[in-house]
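*Asks:* Sequence lines, in order, name chains Y and W.
Residues 1 to 522, numbered by our numbering, are exactly what the first sequence covers, in order.
Residues 1 to 465, numbered by our numbering, are exactly what the second sequence covers, in order.
Rather than coming from a laboratory, the hints here were simulated on the basis of the structure.
Each hint should be verified, as a subset may be incorrect.
Unchecked claim - Calculated pairs, DSSO-like style, for lysine-lysine (alpha carbon to alpha carbon, straight line, at most 27 angstroms): (1) Y/42 / W/39; (2) Y/466 / W/39; (3) Y/377 / W/40; (4) Y/164 / W/463; (5) Y/161 / W/461; (6) W/79 / Y/69; (7) Y/73 / W/79; (8) Y/377 / W/79; (9) Y/101 / W/79; (10) Y/164 / W/461; (11) W/99 / Y/161; (12) Y/326 / Y/183; (13) W/40 / Y/466; (14) Y/466 / W/79; (15) W/21 / Y/466; (16) Y/42 / W/463; (17) Y/377 / W/99.
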Amino acid sequence: MARERQIEDILPANTLKTRVPQEQVPRVVKPAPSRYRNEIAKYLVHRRLDCERCGKCIEVCEYGVHDRKPGFKYFAEPQHHLCIGPSCETTGHYCVAHCPKGALQIRENPMFQALGDYRWTADLILATWKMAETGDVPPAAYDYDYEGGNSGGGFDRLRFKFPKQPPVKLKASEIDTSIQLNKRGDGRPEIKIDVPWYGGGMSFGSVSNVTQLSKARAAVAFNTFTCTGEGGYMERMRPYDDHVITQVATGLFGVREETIQRVPIIEFKYAQGAKPGLGGHLLGDKNTPAVARMREAVLGISLFSPFPFHSVYSIEDHAKHLDWMKHVNRRALIATKVSTPTDVDMVAVGSYSAGTHIVHIDGGYGGTGAAPDIAKKNIAMPIEYAIGKVHNFLQAEGVRDKVTLIASGGIRTAHDIAKAIALGADGAVIGTSELVALGCVRCSRCESGRGCPRGIATTDTELSAKMDVEWGTQRLINLYSAWQKILIGILQRLGLRSVSELRGRADLLMHLDYTNDVTART
Amino acid sequence: MPDKYHIKTRPVPPLRPRIGKHGVVDWREDCARCHNCVKKACVYDRYRQEAEYIHNLREVEALYFDCMGCFSCVQDCTKGILRLTINPEYERLGNRYWKPDIIKTTWLQAETAKIPVSGAGYRGPFSGRGFDSMWTDMSEIVRPTRDGIHGREYISTSVDIGRKPPFLSLNGSKSLDSLPPLVSIPMPLIVDLSSPTHTLPKLDVIIEQTAADTGIIALMDSRYRPAKDEHLQNIAFYLGPDSPPVPDNLLRKTRLVEIADSPAVRERIKSLKKIHPQIVVVVRVELTSAGINRAIELAGLPEVETIHIVADANGDELTANKPRFLKDMIRQIHTALVERGGRDEITLMAGGGIAMPEHMAKAIICGADLVTINLPLLVALECHLCDSCQPGTPCPAKLEKIDFSYGVGRMTNLIAAWHDQLIELMGAMGMREARRLRGDVGRAMFFENLEEEAFGKFYGKRKTD
Numbered sequence: 001m002a003r004e005r006q007i008e009d010i011l012p013a014n015t016l017k018t019r020v021p022q023e024q025v026p027r028v029v030k031p032a033p034s035r036y037r038n039e040i041a042k043y044l045v046h047r048r049l050d051c052e053r054c055g056k057c058i059e060v061c062e063y064g065v066h067d068r069k070p071g072f073k074y075f076a077e078p079q080h081h082l083c084i085g086p087s088c089e090t091t092g093h094y095c096v097a098h099c100p101k102g103a104l105q106i107r108e109n110p111m112f113q114a115l116g117d118y119r120w121t122a123d124l125i126l127a128t129w130k131m132a133e134t135g136d137v138p139p140a141a142y143d144y145d146y147e148g149g150n151s152g153g154g155f156d157r158l159r160f161k162f163p164k165q166p167p168v169k170l171k172a173s174e175i176d177t178s179i180q181l182n183k184r185g186d187g188r189p190e191i192k193i194d195v196p197w198y199g200g201g202m203s204f205g206s207v208s209n210v211t212q213l214s215k216a217r218a219a220v221a222f223n224t225f226t227c228t229g230e231g232g233y234m235e236r237m238r239p240y241d242d243h244v245i246t247q248v249a250t251g252l253f254g255v256r257e258e259t260i261q262r263v264p265i266i267e268f269k270y271a272q273g274a275k276p277g278l279g280g281h282l283l284g285d286k287n288t289p290a291v292a293r294m295r296e297a298v299l300g301i302s303l304f305s306p307f308p309f310h311s312v313y314s315i316e317d318h319a320k321h322l323d324w325m326k327h328v329n330r331r332a333l334i335a336t337k338v339s340t341p342t343d344v345d346m347v348a349v350g351s352y353s354a355g356t357h358i359v360h361i362d363g364g365y366g367g368t369g370a371a372p373d374i375a376k377k378n379i380a381m382p383i384e385y386a387i388g389k390v391h392n393f394l395q396a397e398g399v400r401d402k403v404t405l406i407a408s409g410g411i412r413t414a415h416d417i418a419k420a421i422a423l424g425a426d427g428a429v430i431g432t433s434e435l436v437a438l439g440c441v442r443c444s445r446c447e448s449g450r451g452c453p454r455g456i457a458t459t460d461t462e463l464s465a466k467m468d469v470e471w472g473t474q475r476l477i478n479l480y481s482a483w484q485k486i487l488i489g490i491l492q493r494l495g496l497r498s499v500s501e502l503r504g505r506a507d508l509l510m511h512l513d514y515t516n517d518v519t520a521r522t
Numbered sequence: 001m002p003d004k005y006h007i008k009t010r011p012v013p014p015l016r017p018r019i020g021k022h023g024v025v026d027w028r029e030d031c032a033r034c035h036n037c038v039k040k041a042c043v044y045d046r047y048r049q050e051a052e053y054i055h056n057l058r059e060v061e062a063l064y065f066d067c068m069g070c071f072s073c074v075q076d077c078t079k080g081i082l083r084l085t086i087n088p089e090y091e092r093l094g095n096r097y098w099k100p101d102i103i104k105t106t107w108l109q110a111e112t113a114k115i116p117v118s119g120a121g122y123r124g125p126f127s128g129r130g131f132d133s134m135w136t137d138m139s140e141i142v143r144p145t146r147d148g149i150h151g152r153e154y155i156s157t158s159v160d161i162g163r164k165p166p167f168l169s170l171n172g173s174k175s176l177d178s179l180p181p182l183v184s185i186p187m188p189l190i191v192d193l194s195s196p197t198h199t200l201p202k203l204d205v206i207i208e209q210t211a212a213d214t215g216i217i218a219l220m221d222s223r224y225r226p227a228k229d230e231h232l233q234n235i236a237f238y239l240g241p242d243s244p245p246v247p248d249n250l251l252r253k254t255r256l257v258e259i260a261d262s263p264a265v266r267e268r269i270k271s272l273k274k275i276h277p278q279i280v281v282v283v284r285v286e287l288t289s290a291g292i293n294r295a296i297e298l299a300g301l302p303e304v305e306t307i308h309i310v311a312d313a314n315g316d317e318l319t320a321n322k323p324r325f326l327k328d329m330i331r332q333i334h335t336a337l338v339e340r341g342g343r344d345e346i347t348l349m350a351g352g353g354i355a356m357p358e359h360m361a362k363a364i365i366c367g368a369d370l371v372t373i374n375l376p377l378l379v380a381l382e383c384h385l386c387d388s389c390q391p392g393t394p395c396p397a398k399l400e401k402i403d404f405s406y407g408v409g410r411m412t413n414l415i416a417a418w419h420d421q422l423i424e425l426m427g428a429m430g431m432r433e434a435r436r437l438r439g440d441v442g443r444a445m446f447f448e449n450l451e452e453e454a455f456g457k458f459y460g461k462r463k464t465d
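Build the full structure now, drawing on both the sequences and the hints.
*Replies:* Okay, here's the thing in structure tokens:
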């Protein structure tokens with residue numbers, strides 16, 4: 001109520017008139033199975049023709065792999081994705097061993113090799129799907145390696161040094177995962193989010209409105225945020241205004257006074273990790289009538305946002321922009337999203353001095369709807385290097401506790417978030433993981449034609465109808481919930497009461513490629 | 001202001017069947033013949049295209065592998081009879097350095113002349129050996145130039161080859177002393193001699209036309225005679241130890257000539273200059289274990305204008321047990337010349353292992369003025385780099401059958417795409433001139449430095465490498 005009064009006091013009458021009642025989304029975990037008939041499995045169960053249909057396999061399997069529908073003589077196709085593989089042999093519930101005819105075989109799915117890549121391994125994709133389905137940590141029996149990928153560097157080589165016994169025994173309920181977004185103490189709202197992450201900017205155009213709405217609703221459930229990206233503010237997002245960040249990027253698509261005034265956070269996007277220094281790309285095929293209308297652009301032409309902001313060539317210019325935004329929306333916090341050049345530390349401090357509340361650094365391996373391959377791989381440093389650099393510099397300048405540092409660009413898991421925080425960030429922004437939870441297989445075909453064949457990153461009406469908002473919301477709520485549990489688990493093992501206590505504790509990590517013989521806390 | 005450098009391109013589709021990464025295996029005997037067949041729902045219409053491909057096949061050369069790997073059909077099939085696989089033919093492309101991804105992206109650029117753009121984030125390893133252990137910088141908020149690639153300011157990729165005077169001097173009549181010859185080319189790229197294992201005489205005439213169309217220069221054997229005299233401006237003859245000499249009248253029409261390194265290199269340069277005083281002479285130095293020191297030594301000789309250092313096709317030092325990589329060797333030579341003074345006076349060309357456009361930019365950042373390539377142009381013609389170019393051995397790309405227009409089109413497209421990608425990188429950095437990129441390591445970040453800064457102080461010494 002207090003919040004509403006505050007908004008009434010602050011919002012100009014014109015914008016207040018456009019405000020609609022805010023919708024609540026319960027934070028409830030419910031099963032949200034795959035929307036595809038055949039979930040991709042790590043192992044394949046093969047039943048030979050000489051099966052006697054005795055049903056022993058149904059009896060012994062603990063995971064529900066085998067099924068015979070009532071009234072049917074034959075078995076249904078095994079639920080391959082539920083099978084834990086040959087490791088089941090030691091459990092006493094191994095169907096292969098129990099089959100009297102020896103008609104069952106389990107082998108690795110050769111298709112597993114075709115799924116995933118160095119950064120998102122097949123294991124990680126399946127584990128993320130499992131979390132999005134169940135809302136829980138994947139059962140150990142499945143033996144998914146879901147801490148990170150197999151890229152051979154950065155987060156994938158960092159591990160937590162867990163003590164044998166936590167220094168303090170804490171219950172899960174005693175651990176706080178929330179973070180403060182306004183540390184400036186400048187009289188603007190002290191916004192706290194319940195989990196140390198929020199959703200990254202994905203524009204309408206790069207993704208479907210179903211994807212955007214699912215993200216927004218999950219953000220409401222977890223009292224965190226989602227970002228509009230550089231594609232305008234869909235009217236359907238208005239019931240979630242209080243959890244939306246309006247992005248002001250160089251193309252200024254969909255940026256209007258009221259879209260700035262509606263929201264509690266405004267994000268200035270200078271650059272994106274996947275294509276630093278190049279501006280947004282939306283290829284012509286995806287500029288559909290709905291997108292063109294929203295962006296006030298010509299239908300079917302490729303939209304390349306300029307780089308950089310043509311009115312910002314210095315920190316002073318940047319400050320001028322922030323002042324303008326703060327004036328237009330007197331309750332908003334300002335986030336500044338920059339990429340990770342060699343002087344990212346100075347950019348961060350400059351941005352703080354210009355008046356930003358959140359410095360958001362987006363590393364070179366970040367996600368995108370469309371980016372030149374040369375940019376994705378080569379421009380700007382990976383986020384793992386930038387976090388510590390910025391954190392230490394902010395500390396040296398004596399302003400670390402006055403600004404919130406958010407990291408993104410290649411943060412795929414709850415472990416990555418924890419590692420990023422240990423390296424010095426306050427929290428993280430996530431994007432690709434959300435899309436994977438919605439069924440993305442990372443085929444990298446988001447950019448052209450009708451867009452994503454899986455109906456996530458597309459504005460094609462037929463393709464985007466493959467997913468509905470309720471299902472999408474539930475998958476994301478489940479993923480967030482599983483991540484929160486993992487994060488709490490990490491903090492519990494480290495004996496830390498809150499996620500903010502983890503910040504900057506690089507000494508709690510070790511690197512698999514280093515001797516790790518530095519004992520003193522740096 | 002001169003005209004903006006622009007390469008005319010046109011789509012040149014492949015002649016051979018496409019070798020995609022993914023394909024679908026279909027256990028058709030289990031098909032339920034249902035009415036919602038996922039094959040009809042393929043967003044990319046691949047199943048219909050496959051049927052058409054098979055229908056039109058005159059002889060079975062390759063299976064159809066152009067699946068986009070989205071798993072939609074696999075996951076939606078009523079009976080689950082489809083399996084996605086990686087094409088073994090795709091995995092066989094190239095070698096340990098020229099990976100299948102490089103071959104595939106080169107083919108795509110040669111076909112379309114476009115910068116490869118894709119969705120989702122980077123998919124590869126965190127870092128790697130050679131050029132994969134550095135990142136280029138970018139610049140935001142505070143930038144050296146106002147515009148990026150779509151701005152009003154022209155990004156020049158021109159470079160000059162030759163000896164540059166350290167300062168201008170006036171003669172007695174207060175006019176400028178004559179300047180040494182300098183060859184300008186519109187992008188920092190030269191076509192190197194064909195690699196001995198991939199020589200196909202037919203390609204020379206294609207390379208000649210491509211060099212003329214793109215305004216760059218191609219190195220050719222001294223026995224080569226161009227199809228058109230005006231193309232001599234885009235040809236540089238290579239005079240090896242045993243090469244027959246080039247007739248003087250031909251040499252006088254060229255701008256650049258390359259000679260093999262030898263003890264008599266000074267005399268050789270002088271004799272060439274006597275024939276054609278305005279020619280720029282390049283000395284080719286093979287990067288063997290003595291190559292680096294020899295390049296540094298040569299740069300100190302007043303007659304030497306330009307040095308062309310060449311590593312092996314994979315960018316490795318030649319004849320070394322633990323070879324250094326081209327990038328590091330360029331840095332070593334460049335740094336030595338900077339420390340000794342006179343770096344700006346000499347031009348350094350670097351070749352071997354330049355497989356992608358980012359390698360061109362990175363080699364320049366490390367200290368080369370320009371780079372030389374040969375294999376990428378061969379790959380543009382759908383070569384698999386199978387390394388079995390022997391008479392009598394069938395070539396999977398059927399290079400002996402390609403026509404002139406196809407060859408020129410594909411090579412030109414590739415060079416145009418590389419040029420555009422160089423501009424992307426320079427635009428991101430806020431750099432407007434390729435000349436100023438040379439040796440500007442401040443515009444790059446190196447793996448070892450970043451690791452040390454980020455992790456060294458917390459986690460001790462790096463174990464592996």
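*Asks:* Going through the earlier hints one by one, which of them does the structure break, listed in rising order?
*Replies:* Per hint list: 3, 8, 11, 16 violated.
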